[in-house]
Every structure is written in C-alpha cells, then in structure tokens.
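Engineer: Listed here are the chains, written in short residue letters.
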Amino acid sequence: MRIKLEKRPEPSTLMAFATPIASVLLTMAIGVVVFDALGIKGEKAVIDIFLTPLLSSYKWQDVAVKAAPLIIIALGLSIGNRAQVWNIGAEGQYVIGALAAAGVGIAAGGAGGGLIITLMILAGILGGTFWAMFPAFLKTRLNVNEILTSLMLTYVALQVLGYLVGGPWKDPNGRNFPATAPLQPDQTLPILFPGTTVHLGVAIAVVLPFVFWLIMSRSVFGFQIRVVGSAPDAARHGGFDAKQTIWLSLLIGGGMAGLAGALEFAGSLKAINLGFPSGYGFTAIIVSFLGRLNPIGCLIAGIVLAVTYVGGQVAQTTVHIPNSTAGIFQAMMLFFILASDILIRYRVRFVGSPKAAPIPAAGE
Amino acid sequence: MGTEATPRLELKSITKRFPGVLANDQVSFSVQPGEIHALLGENGAGKSTLVKMIYGIMQPDGGEIRWNGERIVVANPKAARKLGIGMVFQHFSLFEAMTVLENIALGMDAKIPARELEARIKEVMTQYGLKLEPHRIVSTLSVGERQRIEIVRALLLNPKLLIMDEPTSVLTPQEVEQLFIVLRQLASEGCSILYISHKLHEIKALCHTATILRGGKLVDTCNPSVETSRSMAEKMIGGNLKTIEKAEGRTVGREKLIVNRLNMPARSHFGVSLKDITFTVREGEIFGIAGVAGNGQNALLLALSGETLTDDPGAITVDGAQLGRLTAKQRRLAGVSSVPEERNGHAAVPEFTLADNSVLTARDRLGMVKVGLIDHKAARTYAGEVISTFAVKALGPGSTAGSLSGGNLQKYIMGREIMQNPAVLVVSQPTWGVDAGAAAAIHQALVDLAAAGSAIVVISQDLDELLSLCDTLAVINEGRLSPSMKVADADIEEIGLLMGGVHGDPAATANLHPELAHAHQA
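Protein sequence lines correspond, in order, to chains U and E.
Heads up: the first sequence begins at 2 in the working numbering, then just goes up one per residue.
Heads up: the second sequence begins at 33 in the working numbering, then just goes up one per residue.
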C-alpha cells in the first residue's frame, strides 16, 4: 500500500469548507490526548476551552469583545495574504493605531462626544496606515522583504508605546504608573447593550466582513488582488500594477489593524499601558488563514479564536492550566489548516504496490 | 540465438491508465536493430507516456515489454540505461552555470575520472562529428549545442536503443540536418532509434517505419516513404485536414504598427536583451518572427504588450500614436492585444473561471467595469460568445481555465483577444502544444482577423507554421531582428542561417531588403 497525492481537475469547494472545521476538531482531539498524557483531565480542558464560552451566555460578551479586533485585523491581512504580500506586523500597526487615537483623546483635553470619537477612530486608521507605509516603501523601492520589516517595526512600535506612556503621555494622577490617563466617559465608544461590555467596535466587526466581501467579489480592486495572488504574470499581462498592489494591500492591512487598536482602546481598555499589546495582531494571522482569506470566513474564524481566548481563562480556574495553553491550541489550529490546504487541490489515494511479477527486474 | 529476426524492442498490448483517461490502450509494435522508428501523434495521443514506460519512468498497467526477445520489467531509468536504452528529452536537464564536461559527469551513473571522461567524450564526438567544447559554460551555448550535450551523454553509454523526444522543435534547419546525419550513422551501426515527432516531412526524410497513435490507441504502423505527409496527418488527427483559406490576391494597407529601434535590457542574468528591433506591420498583414527559442522572443512580446516599458516613447507606434511609455492597460485601450506563450498563469489564471479570465484582458475595451465594480453578467455573456464562436470545448463560462485542455484553452484565449477586434494583435507560439484541429481553427481566425484589417505579429519557433501563415517574415537571434523578407520569396536556407546567428554577414543577407514592396503575391 502506498499513499499517493493526485491532482484534482478542479479545486474542491467541499474541502475548502471542510478543512477549517476538521482543523478545529483535530485540534480538540489532539488536545484531549496530549493533556491526558500530561495527567490533566484532557476532556474537561478541551470542553472548557472550546465549548464553555459558547454554552454559558455570560461569556458571550467576552467572546464578542475579543472577536472584534481579531476579525477587523484579519480582514485587512487577508487582502495582503491573498496578494502574497505578507504583513506580519499587524501587532505594531495595532499599537500605533491605538496610540494615535489616544493622542487625539489627550489633545482634546476633557472634550468628548461623537466628533471626538470619530476623530479618534480616523486617527487610529491613519496611524496603522502610517506604520505600514515603511514596509511598503522599502518593498517597492528597495525590494526589502516585507515579512522582516513589518515584524521588526512591531518592536519599534512597542518602544514608541513604552516611551509615550512612560514619558510625555503618562497619567499625572497615576502614581507614576506607566499608563495614559483613562478616557472620559463621553470619549469612549457607545455600549450597544446596556449592562454589557459590547461596544460599537463589535458592530463594526460584524458589518465590515460584508463590506469586504462585496469589495473582493465585485470590485476591480478585489479582482486585482485575486489575480496577483493566483498568477502574478497574468496580473501583469492584465495590466495590473504590481507595486500598486503591494502598496494597497499593506496600507489596508495597516489601516485595519490601526482601526482595531483604536476601537479596543476607546471601547474596552480606555487607557493604554505597557500591557496593551495582547497579541491580537499575531493571532489575526491565524484567523485570516482559518477563515480561508474569505471575509465571511474571517468573521467565523475570529469568533472561534476569541472562544479559545475566553476558554483559556475558564480552563485556568477549572483545570488549573496556564492561560497560555490557549496559545498552543491556536498554534495547532494554524498548523492543521496550513497542512490540510493541500487537500483542496489534491486528493489522497491509496494504491496497491505494483504487482510482484515473477520476472527479474532489469538492472539486477 | 539469431538476433536478426528478434526485434530489439517489442511492446505487446501496453496499457496505461490515469485517473479519467486511458493514456495507452493495448499498444503493440516492435523496433528492429538499426531501425529508425517514428512515434507519431498529436499532443495527448500518448507518445510521451509510452516512452516513459520504455525508459522506466512509469510502469505499464498491462501488457509486456520485450528486449531482444526477453520479457523485462524496466524498474527505473537507471535500469533502462543499464540495458542500453538512452533517452534525449525535449526539455534538457542541464545546469546553466556549469561546463559541458561537468554536466555530463553529473549525469553519469558510474563515477569516471574527469580526464578519462573527457577522452571518451572527445572520442564520441569525433566518431559522430558532434562539435562541442567540453570546457564551455552551458549558459553560453545555443540550444542546438545543448542538445548535443544530451546526445553525447546518451551515446557514452553505447545505447542499443536511443529515444529522441521531439528533438528538432528547437533547432534551425541546418542543425536538424546535422542531427539527422548523426542519427543515420547510429542506425547504420545497429542502434535502434525511437523518434518522437509530429513533423511529418522530417519523419518522411528520416524514418524507416512510423507508428501512429491517436487518443492512446495505435492507429497504424506504416512506411513513411510511401505515405504522403497529408495521409499521415489525417491518420494522426483522424479526419480530413482543413487547409487555411487565404483570400487570393488580398492586399495589405497602410503602415499600422511601427517598431523603431526598440531596446530593452535583459530582465535577468540569463535573459536576453533586445537590440535595435525594427520592423513595420501594415493593415491586413501577418508578420512572422522566426527564431530558435530563447533568443528574445519573450522579451519582445513583453515589450510590445506593455508588460515591460521602454524609455523611448517613439520606439513603438500604432497609427502614429506613441506607445513606448504606455502601460499594458493603456496599450490595450489603444488597440494592441497580445497572447503570451505561456497559457497557464500568464495568458490566463488557471483557477479562475473563463468569465473571470475574460475580465482579465477585456474589461476596459468591452466596458465590463462600471464605477470600479465588475459587471459579471457582461463577462459571462462575453465568455459565452467566445466559447461558441471559437468552438471551445468547455461546460460554460463558469468552468475554470485550468479544467480545459491545452488546445481548448488556447482557442479560448485567442478568441478572447480576437473578438475584441484589436487593431494590432501580437501572439507568441499560438499553436504550441495544441492539436492539429485546434491549430487549424486558430490559424484561420488569425487570417480572418488580418482580412478585417488588423496588423498581426506571430512569434513562433515553428517555421512551417510561419511559412504557411505569414505574409512577411523576420528572424530573431540573440535579441536582434533580421531585415524583413516576403514569405513568397523566402529561402529556407537563408532563414536557417539567420536563425543560427549570422547577423551582419553581408553574404548571408545579401538578398534581404528591409523595405519590401507589399504588392500582392502572384
């Protein structure tokens, strides 16, 4: 028996849908086995991480608030990933976006209201876009690998954050703690359902996937991104400018990350301290691939990843495993989804070994 | 044992199945010692699969292979070489940055000291009159010379059977003649040769026997010297061959596309730069560019289509408008369409539907875009029209381009450009890897487009194609284009010399004139 990969005549739609689901299920199954082997109740841990957040309604708001930034960042990254422009620096763009929004808040003094909030959001988008300009410029002008520059700029962004919250923007009433002053109540995003933490950013995260879906499927820009990603030579032949594609996909990725940062700041945290960067920018890469680079897929995958974040906290108290366990599950999901990608274009066949004929093989 | 009566190679009922296709269906034939045996068939007829099984790259699902009368299993190419089967592939496997000697040494199964190997190579070369300098770097060699490396590599093993896969597709007529001399000498010494080709006149000139395959089945084994090219072609395609209908006495109009001293630096280290390319194509004229592969054809197509831009806006003009600095999109709007050589991934996106592939190049000229949004309905309608007009075998506009056979996809791509009524159409290798039926349809469409007043440039390695299709011809060699010549007056010998690179030799190009009267052909 041999296992053989055979090219499918057409990419399988079934597999495009089935593999992300299978990846999540496989992650859960492996989780049970591994935790059992480690002497922890594996079944309980997996149920707490993947199901409890969904089954207990009081956890839903946590899931929604955590899913929002993941979805928004992943939408932007999906455009770049599709065009084979690899922006690994969404975390930095997210931080700069939040800082830009905070800057507007600080500049406004105590003033609040719709205008200030809108300006904060716009500043967030511009901040993230600005941070993505550097890799775009270096890539198009000097052909510097965007994976390296965007990732390195993330660490630069963290230094900027540290400098601002520990220096010029430090809260004067904060007992010398490195953090900005909390936003005034009328500077924060409106809450959608009174009594919960579900803010306007969640609504934006629900609407945006449909906007992106429309752009990707109907517009010439979406077409351009798809062609560049599938066949760069054909894109050139079709008259699409490769440098323009790199610029746009990086700037959109940065803009979305910046937007997510501003919303997280103005909607959830209300102040920026050194703990503000929570890895959403990196987790969103997983969301993007788990969602098959499809905007609606990102919406669903964002929720799944948010569940693991919330579930990780649940498992911490119930089966006493570290919160970072959720990270292991997230990494496993990315591993499985990337590994199973091949099933969309290939199918696995089991073939018998060639007939053992009683003839001496030549060359013996 | 009497070897005279025993065939060197005998295939009995060889069958090979791939998912969805029967590549070889009960194929039987035999090759005698010293026989040059042609394997003839269209693309996809199963020739390559058959020889891959003989050379041990694949195993047959049924049937048997006999070698000197004994039933054998050829486990792998190494085993085949040990038996005395050599093969020269269509696509060479050579390292560009290494010398001839190093390349040959790398391909040997046994490890032989360099000096001994060099002596043996020289011996083989003098024996067969193959000219090759063992210490030259491969990247500096012509395609013909590269093929000689592969032949020497095969001959070093003293083969009893030599398989040649489409050996002449990249050679000049003179190189073909040299190759035939070598093959005839080999055959006279008792080596059998299995010669795969679809060039009928070559088979008539060279081969003793021809086995014709169609759709995986053996159609006929015949004697090419008594068959006509036409009768063999009809057996090969299984029907009557259509000839191109060219309107008699058609005239060409005023100058349309003028390329004047077009220069373009090489895109990569091993690429070819274009040097002072100059030619003129008139309304209704089909202008052919002949040449051996890798002499700047791709660079020329990219420069004309606008995928690479020149610094001189006036290097390319259409109806007087300067296009040199315009992008691919702008040139399309100005009426210049193009079809690059590579279908998958350049002319079309394999995973996209045919409708989406029509958006790729037709969106601006046919108004498929309104305020930044694609009119998918218009794209589907247009794709449907192309499919029906050009008889493309596809389920519909929703089929992916990658699901079509090479010939059908090529018909679709040609149709997509032609139905936009371009003022100028530049095509590269329009019938490369396309079956004879589709090739005839594509040729007819080009002739019809020219008759409607477009200027057409056909870049092809297939000299026969150019001679039958074009009004005017020039030869590209190392990025330089020869003066144009009228096909009616063209001399194959001269074209061959130009393809081999005798530029600037006044003796060779004495009777070629850059400015030719376009009076109609008698």
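Mixed in with the good hints, there may be bad ones.
[Unchecked claim] Once the Cα atoms are required to be at most 16 Å apart in a straight line, the calculated EDC-like pairs of lysine to aspartate or glutamate come out as:
{"id": "1", "chain 1": "E", "residue 1": "Lys84", "chain 2": "E", "residue 2": "Glu148"}
{"id": "2", "chain 1": "E", "residue 1": "Lys249", "chain 2": "E", "residue 2": "Glu266"}
{"id": "3", "chain 1": "E", "residue 1": "Lys84", "chain 2": "E", "residue 2": "Glu102"}
{"id": "4", "chain 1": "E", "residue 1": "Lys361", "chain 2": "U", "residue 2": "Asp242"}
{"id": "5", "chain 1": "E", "residue 1": "Lys84", "chain 2": "E", "residue 2": "Glu128"}
{"id": "6", "chain 1": "U", "residue 1": "Lys60", "chain 2": "U", "residue 2": "Glu44"}
{"id": "7", "chain 1": "E", "residue 1": "Lys231", "chain 2": "E", "residue 2": "Glu497"}
{"id": "8", "chain 1": "E", "residue 1": "Lys361", "chain 2": "U", "residue 2": "Asp172"}
{"id": "9", "chain 1": "U", "residue 1": "Lys8", "chain 2": "E", "residue 2": "Glu383"}
Hints listed in this document are in silico derivations from the structure and should not be mistaken for laboratory results.
Model, not experiment: these values are computed from the prediction.
Engineer: Evaluate each hint against the coordinates.
Structural biologist: To see whether the hints hold, each was checked on the structure:
1. Distance hint between E/Lys84 and E/Glu148 is unfulfilled; the C-alpha atoms sit about 31 Å from each other, more than 16 Å.
2. Distance hint between E/Lys249 and E/Glu266 is fulfilled; the C-alpha atoms sit about 15 Å from each other, no more than 16 Å.
3. A C-alpha spacing of about 19 Å is found between E/Lys84 and E/Glu102, which places the hinted pair above 16 Å, so the restraint is violated.
4. Between E/Lys361 and U/Asp242, the direct Cα distance comes to roughly 10 Å. Compliance with the 16 Å bound is thereby established for this hinted pair.
5. In summary, the hint linking E/Lys84 to E/Glu128 is not supported, as the alpha carbons are separated by about 25 Å, beyond the 16 Å threshold.
6. A C-alpha spacing of about 20 Å is found between U/Lys60 and U/Glu44, which places the hinted pair above 16 Å, so the restraint is violated.
7. A hinted pair counts as satisfied when its Cα atoms are at most 16 Å apart, and E/Lys231 with E/Glu497 qualifies at roughly 11 Å.
8. The suggested pairing of E/Lys361 with U/Asp172 is violated, with an alpha-carbon distance near 55 Å, which exceeds 16 Å.
9. The straight-line distance between the Cα atoms of U/Lys8 and E/Glu383 is roughly 13 Å, inside the 16 Å bound, and the hint therefore holds.
Taken one by one, the earlier hints fail for this structure at numbers 1, 3, 5, 6, 8, listed in ascending order.
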